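2 protein chains.
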Amino acid sequence: MTAEILSVGTEILLGDILNTNARFLSEELAKLGVNVYWQTVVGDNRGRLLAAYGLAFERGADLVIATGGLGPTEDDLTKETAAEYFGRKLVLHEESWERMLAHFRGRQMPPNNKKQAMLPEGAAVLANNNGTAPGCALERDGKMIVLLPGPPNEMEPMFLESVLPLLRPRTDHVLFSRTLKIVGVGESQAEILLKLLMDRQTNPTMALYAKTSEVWLRLTAAAPDEAAAKELIKPAAGEARRILGGSVYGEDGDTLAGAVVGLLRQRGLTIALAESCTGGALTSALVDVPGASEALLEGLVTYSNRAKAELLGVRAETLEKFGAVSEQTAREMAEGVRRASGASIGAATTGIAGPGGGTPEKPVGLVYITVSTDGKTEARECLFAGNRRKIRDRAVVTALDMVRKAAAGYSCST
Amino acid sequence: MTAEILSVGTEILLGDILNTNARFLSEELAKLGVNVYWQTVVGDNRGRLLAAYGLAFERGADLVIATGGLGPTEDDLTKETAAEYFGRKLVLHEESWERMLAHFRGRQMPPNNKKQAMLPEGAAVLANNNGTAPGCALERDGKMIVLLPGPPNEMEPMFLESVLPLLRPRTDHVLFSRTLKIVGVGESQAEILLKLLMDRQTNPTMALYAKTSEVWLRLTAAAPDEAAAKELIKPAAGEARRILGGSVYGEDGDTLAGAVVGLLRQRGLTIALAESCTGGALTSALVDVPGASEALLEGLVTYSNRAKAELLGVRAETLEKFGAVSEQTAREMAEGVRRASGASIGAATTGIAGPGGGTPEKPVGLVYITVSTDGKTEARECLFAGNRRKIRDRAVVTALDMVRKAAAGYSCST
Numbered sequence: 529m530t531a532e533i534l535s536v537g538t539e540i541l542l543g544d545i546l547n548t549n550a551r552f553l554s555e556e557l558a559k560l561g562v563n564v565y566w567q568t569v570v571g572d573n574r575g576r577l578l579a580a581y582g583l584a585f586e587r588g589a590d591l592v593i594a595t596g597g598l599g600p601t602e603d604d605l606t607k608e609t610a611a612e613y614f615g616r617k618l619v620l621h622e623e624s625w626e627r628m629l630a631h632f633r634g635r636q637m638p639p640n641n642k643k644q645a646m647l648p649e650g651a652a653v654l655a656n657n658n659g660t661a662p663g664c665a666l667e668r669d670g671k672m673i674v675l676l677p678g679p680p681n682e683m684e685p686m687f688l689e690s691v692l693p694l695l696r697p698r699t700d701h702v703l704f705s706r707t708l709k710i711v712g713v714g715e716s717q718a719e720i721l722l723k724l725l726m727d728r729q730t731n732p733t734m735a736l737y738a739k740t741s742e743v744w745l746r747l748t749a750a751a752p753d754e755a756a757a758k759e760l761i762k763p764a765a766g767e768a769r770r771i772l773g774g775s776v777y778g779e780d781g782d783t784l785a786g787a788v789v790g791l792l793r794q795r796g797l798t799i800a801l802a803e804s805c806t807g808g809a810l811t812s813a814l815v816d817v818p819g820a821s822e823a824l825l826e827g828l829v830t831y832s833n834r835a836k837a838e839l840l841g842v843r844a845e846t847l848e849k850f851g852a853v854s855e856q857t858a859r860e861m862a863e864g865v866r867r868a869s870g871a872s873i874g875a876a877t878t879g880i881a882g883p884g885g886g887t888p889e890k891p892v893g894l895v896y897i898t899v900s901t902d903g904k905t906e907a908r909e910c911l912f913a914g915n916r917r918k919i920r921d922r923a924v925v926t927a928l929d930m931v932r933k934a935a936a937g938y939s940c941s942t
Numbered sequence: 529m530t531a532e533i534l535s536v537g538t539e540i541l542l543g544d545i546l547n548t549n550a551r552f553l554s555e556e557l558a559k560l561g562v563n564v565y566w567q568t569v570v571g572d573n574r575g576r577l578l579a580a581y582g583l584a585f586e587r588g589a590d591l592v593i594a595t596g597g598l599g600p601t602e603d604d605l606t607k608e609t610a611a612e613y614f615g616r617k618l619v620l621h622e623e624s625w626e627r628m629l630a631h632f633r634g635r636q637m638p639p640n641n642k643k644q645a646m647l648p649e650g651a652a653v654l655a656n657n658n659g660t661a662p663g664c665a666l667e668r669d670g671k672m673i674v675l676l677p678g679p680p681n682e683m684e685p686m687f688l689e690s691v692l693p694l695l696r697p698r699t700d701h702v703l704f705s706r707t708l709k710i711v712g713v714g715e716s717q718a719e720i721l722l723k724l725l726m727d728r729q730t731n732p733t734m735a736l737y738a739k740t741s742e743v744w745l746r747l748t749a750a751a752p753d754e755a756a757a758k759e760l761i762k763p764a765a766g767e768a769r770r771i772l773g774g775s776v777y778g779e780d781g782d783t784l785a786g787a788v789v790g791l792l793r794q795r796g797l798t799i800a801l802a803e804s805c806t807g808g809a810l811t812s813a814l815v816d817v818p819g820a821s822e823a824l825l826e827g828l829v830t831y832s833n834r835a836k837a838e839l840l841g842v843r844a845e846t847l848e849k850f851g852a853v854s855e856q857t858a859r860e861m862a863e864g865v866r867r868a869s870g871a872s873i874g875a876a877t878t879g880i881a882g883p884g885g886g887t888p889e890k891p892v893g894l895v896y897i898t899v900s901t902d903g904k905t906e907a908r909e910c911l912f913a914g915n916r917r918k919i920r921d922r923a924v925v926t927a928l929d930m931v932r933k934a935a936a937g938y939s940c941s942t
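Protein sequences appear in the order of chains A and B. Here the first sequence is numbered in our numbering, starting from 529 and rising by one per residue. Here the second sequence is numbered in our numbering, starting from 529 and rising by one per residue.
You can trust all of the hints, since none of them are fake.
Note that identical chains are pooled: a pair holds if it fits in a single copy or bridges any two copies.
Calculated pairs, DSS-like style, for lysine-lysine (alpha carbon to alpha carbon, straight line, at most 27 Å): (1) Lys723 <-> Lys758; (2) Lys918 <-> Lys709; (3) Lys739 <-> Lys918; (4) Lys739 <-> Lys762.
None of these hints come from the bench; they were simulated from the model. All of these numbers come straight from a predicted model, not from anything done at the bench.
Just chain A, same shape as in the assembly (with noise of 0.2 Å):
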């Protein structure tokens, strides 16, 4: 099956917004093994939308997937000339009236917004379960036109509940594919370990996506049904964390603070974070994570040597003669927040995040980041390249990183 994706719209000719709905559908509809060759824009102009929908269907398109342009003003026109181009009438939709005349209950409804429930004769009707506009499905020779509305919240969920089952029996295959999510290993270094695993597979494919200090690990395997294609992913995905062992941190939509947050409650732990370089933004990738108060008890931004003196008791001598941006310090201020917060785990960063402030023996990037648990305290010295936002992104990981591994290993030193 081939589909072409056409977004209706002058607000993304102009640039006033990221046509984001084409990508969402490109994604869905790889996933189900369509083939998509050309995604169009196009304003809502009735000559440019009667060509755009030909010109699809004339390039070997079994499926035009048009979004936007279904509301009620004259200028949405997507649903009108979707219609002309397939020779229907729009007729009234009575559910579809209903519903809108049950949305507005007790408020005044515009009175063009009938319009929405008009509705091409003989179309298969999408409800919108989010908002006023209904989506709709026509068909002729073999030939099928589906009408999205516009706004994202509107369109994805209608596509997920009522396009992909109307599409899911004309396709032959579906694509489905599970991500490994790795940390403190470089893309280059995963490709090396994991070149022979990757040459040998067809079916689940492999690819390595670099992100901001982690990579991702897609399989992807084509089968008639998505439990076909679980079972096919499998085995490859199984021995590629034996391959890459603890730098799997999760998978799909975990993320590397929700995996800390989630094996310091599993375990018991709790932690307190002082932060200089990274200026909260540690503390707060780990808020973020629901239920992250259970474990944190307390994140200290200490910029000023008094903050670190006071607050963590990094003591005068250290810092005059290290400097705040010192291993020694870092020791301290990750030693002294544990100290004062009754924490299990101290974690704690200083360094430089420019765009001012480096010297030729302390450069922009210099980052030293320490946890300090009941044993020990860990430190690791980094010179992170970027901008002072990606020195930040980069310290976090790396800081959540160390204190995943504190806290996997903290069972065993307690």
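We have chain A already, so just place chain B on it with the hints.
Quick look at chain B alone, frame taken from chain A:
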């Protein structure tokens, strides 16, 4: 002038990456007054690429801007097909070849890289200051194809540095925009305030955009050149600023955190933060601004009651009687962090970010924000809608705005 944007790459058709290039180019072309009626995405395929160039010119484009597919591999065909379409040979461009050799100095260059220095005969070559693949512009019979690399960090500077100067003389007017950034006033309130002014304007036009806890007012003027457009915008922008008063925190690239840090530094003020529900996000927002360390003394994320008591001096009776999420606790947090740090301003947040932890009396979204200065402590009780992240973002914006107002008023009270 009419342009069509052609994004080349199978990875876009598979939904692996979001097509931010098309949006960037659309926005830039709109500013130049260039019409864009179509955006097309096509894979790395000779036949389809040739068809795409042909189609764009047939349906009225004078200019096709293609991005992607300039890499060194056999798959990369954008340049080859453009040359073929205009009947040009590819020849070695010595300067690009030397740049590439210099880029790889000391490292081994993959041999297929030479392909990137092969450019269509007679093309204007666009230097790539951020990667190896040069861009180029070809013309024939009043039609132009501009080829740019796919990575946004190479494409965007190349467009601004090399393509803009090429296009400017060919357009008869420019669109120039200026954006006023507004905080503390909702979109509909801003609309009411500005309605008379907006209705009166035709050039510049004025449009409101709702952002998370901010509203942006964009004024766009059409004029023969940028200087004339700026002059057209000036009186309307001045009038809008007069109506909106202190709610306008900045313009264009300004951020609220940047405005706060700028104001603090300009007035020689320092700040310390005590965060509970915002969990480091407020500190992090300020630290994001280069030079923040001059004003920000410390940021304490005090999740536990111990931390609130020991680090901030919040009284046990206050926590017991009113709870951690209360105006009284928030007041003592801001006053405590200000006192302990010796900062000019202390700010604090405490609330329920959800998804758990809400009660009928203290629902999810309830946040107390306080700002303590020399003279007094201002407190605000907020009920924010949305998920955990939105509640945090809204609390951060509100806190920043309160700090901004406190800093602006500081000189009066001292």
